[in-house]
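2 protein chains.
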Amino acid sequence: MNDADVKNLLAQYRASIDNIDAALVHMLAERFRCTKAVGVLKATHGLPPADPAREQNQIARLRRLANEAQLDPDFAEKFLNFIIREVIRHHEAIAASSSSETVNAASSGAENSAASSNGRQTS
Amino acid sequence: MNDADVKNLLAQYRASIDNIDAALVHMLAERFRCTKAVGVLKATHGLPPADPAREQNQIARLRRLANEAQLDPDFAEKFLNFIIREVIRHHEAIAASSSSETVNAASSGAENSAASSNGRQTS
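Chains as they are written, first to last, in the numbering used here: chain A, 1 to 123; chain B, 1 to 123.
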């Protein structure tokens, strides 16, 4: 392979990476739209913010999907935890914004849970 | 909204989240296929592992796409950095595996760069 071929192949890989990154950003934006809606729904209806059984199922499923796709399952789990940290940040913002408008026991609950070290809410 | 409606709406959001997560895992798997191929290409042809100009363009583009999709651009940048850390881990593995087979100056370069605190390689 000469230098031009190498450069061309590199450019092709990069075009794929750029397309994938655009897809990832849009998928993430849509995921956060859903989790924000879940946060509002739970706060409004007094549902507990965390659901450990649901979270365990999500982790197990993502690890299985990662295996099938030849992605490191440990990375898939780290990725889910990375997303969850951002979800918690959003829920803290929702709870703070609710409590500044009307003092709402349900949303205060969400805020406390999100602020605690074990308080996590995937969806 | 009664309890059944709330439960039903929550289940619908969760179904969307699960579909999105499956898409994310597969997109990530494909992205790592590309970056692994880039790592091998660069190591084989003695190209420098890091390309700071490319990386700056990627960050600026992802931030712009995030803005358009109403995703926090700071989160998009954090996300790219999270992925890059995994890419570096893969490149270290590629370099270690190359050097255990044949001592290759190019792949050693990739390993050194990946191991240094500033050595990063997005693609």
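Please note that a few of the clues may not be correct.
[Stated by the list, open to error] Listing some non-contacts, in silico: residues in chain A with all C-beta distances to chain B over 10 Å:
| no. | residue |
| --- | --- |
| 1 | HIS26 |
| 2 | GLU30 |
| 3 | ALA50 |
| 4 | PRO52 |
| 5 | ALA53 |
| 6 | ALA66 |
| 7 | ALA69 |
| 8 | ILE94 |
| 9 | SER97 |
| 10 | SER98 |
| 11 | SER99 |
[To be verified] If the Cβ cut is set under 7 Å, some of the chain A residues that face chain B in the computed set are:
| no. | residue |
| --- | --- |
| 12 | ASP5 |
| 13 | VAL6 |
| 14 | CYS34 |
Everything labelled a hint here was simulated from the structure, so no lab data went into it.
All residues carry an ideal CB built from backbone N, CA and C; glycine is no exception.
Going through the hints against the structure:
{"no.": "1", "hint": "HIS26", "verdict": "violated, 5 Å"}
{"no.": "2", "hint": "GLU30", "verdict": "violated, 6 Å"}
{"no.": "3", "hint": "ALA50", "verdict": "holds, 14 Å"}
{"no.": "4", "hint": "PRO52", "verdict": "holds, 14 Å"}
{"no.": "5", "hint": "ALA53", "verdict": "holds, 12 Å"}
{"no.": "6", "hint": "ALA66", "verdict": "violated, 5 Å"}
{"no.": "7", "hint": "ALA69", "verdict": "violated, 4 Å"}
{"no.": "8", "hint": "ILE94", "verdict": "holds, 14 Å"}
{"no.": "9", "hint": "SER97", "verdict": "holds, 15 Å"}
{"no.": "10", "hint": "SER98", "verdict": "holds, 17 Å"}
{"no.": "11", "hint": "SER99", "verdict": "holds, 21 Å"}
{"no.": "12", "hint": "ASP5", "verdict": "violated, 9 Å"}
{"no.": "13", "hint": "VAL6", "verdict": "holds, 5 Å"}
{"no.": "14", "hint": "CYS34", "verdict": "holds, 5 Å"}
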